[in-house]
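Given the coordinates of chain A, assemble chains B and C onto it according to the supplied hints.
Residue-level listing of the chains:
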Amino acid sequence: MAAGAAALAMSAREAAAQSAPNSTLRTVLNRGKLIVGTGSTNAPWHFEDEKGQLTGMDITIAQILARGLFDDVTKVEFVKQEPAARIPNLTTGKVDCVIQFMTVSPARAQLVNFSRPYYIEGVALLTSAKGKYKTHKELLDAGSQAKASVLQNVDADNLVHKALPQAQVMQLDTQANAIQALDSGRADAAVIDLSTVGWLVKRNPGKYLDSGFHYETQIYSVALRQSDLDWLAFVDTTLMVNMHGHQTDLYDKAFRDFFNTEPPRRVPGFPNI
Amino acid sequence: MNGWWSFVVSTMPFLWQGLLMTLFIAAVVVAISLVAGVLVGICFAYGPWWARLPLRICSDILRGTPLLVVIFTSYYLLPFIGLNLQPLPAFLAAMSAFMTAHVGEITRGAIQSIAAGQTDAGKAIGLTFGQRLVYVILPQAVRRFLPPWINSVTDAVKGSSLVSLVGIVDLMLAAQQVIGRTYEPLPIYVLAAMIYFVINYSLSSLSRSLEARYAYVRD
Amino acid sequence: MEYYLNFSLVWRHSARLWQGLALSIELAFISILIGCVIGFALAVAYTGGSRPVRWAVSSYVEFIRNVPLLLLIYLVFYGIPSAGGFSFDATESFVMTLSLYSGAYLVEVFRAGLDAIPKGAIDAGKAIGLTPWQRLIHVRFPIMLRIVLPSLSNAFISLFKDTSLASVIAVPELTYGANWIKTNTFRAVEVWIIVAPMYVVTGYVILAVLRFLERSLLRGARR
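Quick note, the sequences are listed as chains A, B and C, same order.
If you read the first sequence in my numbering, its first letter stands for residue 824, the second for the next number, and so on.
If you read the second sequence in my numbering, its first letter stands for residue 408, the second for the next number, and so on.
If you read the third sequence in my numbering, its first letter stands for residue 2, the second for the next number, and so on.
Next comes chain A alone, as it looks inside the complex (with noise of 0.2 Å):
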């Protein structure tokens, strides 16, 4: 009976490691820590904090899925990355995922696999206290005095054009620089995510103003290499039980933390997710 049990064991691993070889998951497993790529230079997102300890919604979501697999949190190695390196690093192998408010789009799923969303983004248009132009109405009216800042991205000038279609566009390389050039006067807006135009206006009440207009959204997945069913399966599984089952908790939290806005209530009943 004993005997029995232990090869049935025996064949249910094999059948485990038969059905995967090459599986991350498995690569994770066997690690014994998960390896993810994020940035640190962008809040409230992925940044440090006033400790120097490295948090945000999506460092939250990282630790979500090493409590999925190892039931520790700390099971998880950061590799800082920039934006631009998003892709090379999860296609070249550098890491197991990638968690770095990464939109999703057609042209991107053409090379990753995307997990199903962990929140959806909007873009916004900061303008500051002492600035030309305050408003979304002023910013248009000024046509193509108006200067934007944004950050190099994929479609960076449609994106801006969305909102101030006359607006000339200035792509510059980080966030920070985008709301670096709104300081100092070089441009009138900076076109940057609605969370973030959120958190500094909260935090600098006088020196920055929400321009009023919201648009866009972008759903932010976490990405992964192609054709690796487990993994993405894995990934899939451990979000949805952590944003709509019995283990809400650490999600729920950054969303206050981060976006100062109540979750959503859970209720019973028809799988509305």
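A couple of the hints might just be wrong.
[Stated by the list, open to error] Here are the simulated EDC-like pairs of lysine to aspartate or glutamate, each with C-alpha atoms no more than 16 Å apart in a straight line:
1) 1030/A <-> 591/B
2) 1025/A <-> 591/B
3) 960/A <-> 1080/A
4) 856/A <-> 894/A
5) 1025/A <-> 1059/A
6) 856/A <-> 905/A
[As the list claims (entries may be wrong)] Which chain B residues stay away from chain C? Per the calculated CB distances, all over 10 Å, these:
7) 416
8) 423
9) 458
10) 462
11) 533
12) 534
It should be emphasised that the hints constitute simulated quantities derived from the structure, not laboratory data.
These figures come from a predicted structure and were not determined experimentally.
Here a beta-carbon is modelled for each residue, glycine too, at the ideal position from N, C-alpha and C.
Only chains B and C this time, still in chain A's reference frame:
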């Protein structure tokens, strides 16, 4: 001014680790490139053509490419030949190779500036090649070598800032991290510029005293 | 690791690379011209100047040479308008930075060049009654130019490579074009495979042209 000082005092602890990383990278790169570069330079000056040719090609390619491109090549292209390096080794390899090429040229220039008569004199009194190199050529070449080499050390400190592009927290990325929390880059850029200035100015002052010490042979 | 190289997306945007390369060369060229003016003027001022003048020139040279170029670019681009100064556009702001940067390096080059002028040549100038200004233009400058030519070529090549940093303030040079294609097609590897040789080959061609010019100038001088 008070505001500036409290800013410096509150920010320095975050930059400190990054500063140490910058100094570490510069030290490793300078050490490797000094040893390898001097050997390459000696080979340029005395080596047979089949050793010089491949070194010449590598050296010219490395010196002709922006350091940034060398780094990305090391990090993203080497995995295709089965060398998937971690960010720090990839960066150190790229930058050491880049600096070795430069130090090799400096060494070659220094050696070739020594008059041929010196070698002949060494041969005449029966010194072997190694003895001529160690006792005759190199001691004289050192003083031609030092000024451009010290410049290259300053370049190494400054070039180390590119390591932030592969996600290693050096002074530059540490600064960007503080900026990512506060979203106020300009004061940090000023502070970082001052720190780089202090390091590099100390190095170049040190170099001037070294040069003075080795300038005992007059032309 | 499976990754399939695909260059077609990069070719579709290759105009950004060619235009970027042309702008890189142009930026380096304008900057070295302005840098030469700064460098020569300050070298002359240093060589014949009083203590405060020499101190001012050294401070400028030491400051520029000991701070990473990237920070200088940020300081000029974001700092000058913040301090209430003129707001040049990104390209002008970069040219200004690179000119100041090359100027600081060229001061040293020109100073060494001026020091290396044989004393006899200056004495000869005095003997035939040239004023100090005439000696500077007709004697010291042409002799110095021949001495510093090789260093100028090297400086131009390194400035050409430094233009890659202009990408951070959205100047559409070669690296910016490369980054644009990279972010819009995600083909980082392919882009670098093309752009790295573009830098190397262009650098080589420029160097060959400059060495040729040097040789013909020097040959003319010897005749």
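Hints, verified against the model:
Taken as a hint, the residue 1030/A and residue 591/B pair is honoured in the structure, with Cα atoms around 11 Å apart against an allowance of 16 Å. A threshold of 16 Å between alpha carbons decides the hint, and for residue 1025/A with residue 591/B the separation of about 15 Å falls inside it, so the pair holds. Of the supplied pair hints, the one linking residue 960/A and residue 1080/A is violated, its CA atoms being roughly 32 Å apart against a limit of 16 Å. Of the pairs offered as hints, the one joining residue 856/A and residue 894/A holds, with about 11 Å between alpha carbons and a cut-off of 16 Å not exceeded.
About 33 Å separates the Cα atoms of residue 1025/A and residue 1059/A, which puts this hinted pair outside 16 Å; it is violated. A distance of roughly 22 Å separates the Cα atoms of residue 856/A and residue 905/A; the hinted pair therefore is violated under the 16 Å criterion. Once the 10 Å rule is applied to beta carbons, residue 416/B is consistent with being away from chain C; the minimum gap is 21 Å. For residue 423/B, the requirement that its beta carbon stay farther than 10 Å from each beta carbon of chain C is met, with the minimum near 18 Å.
At roughly 22 Å from the closest C-beta of chain C, the C-beta of residue 458/B stays outside 10 Å, upholding its exclusion from the interface. Listed as a non-interface residue, residue 462/B keeps its Cβ farther than 10 Å from every Cβ of chain C; the least gap is roughly 17 Å. No beta-carbon of chain C is positioned within 10 Å of the beta-carbon of residue 533/B; the least distance is around 37 Å. With a cut of 10 Å on Cβ distances, residue 534/B stays outside the contact zone with chain C, its closest approach being about 33 Å.
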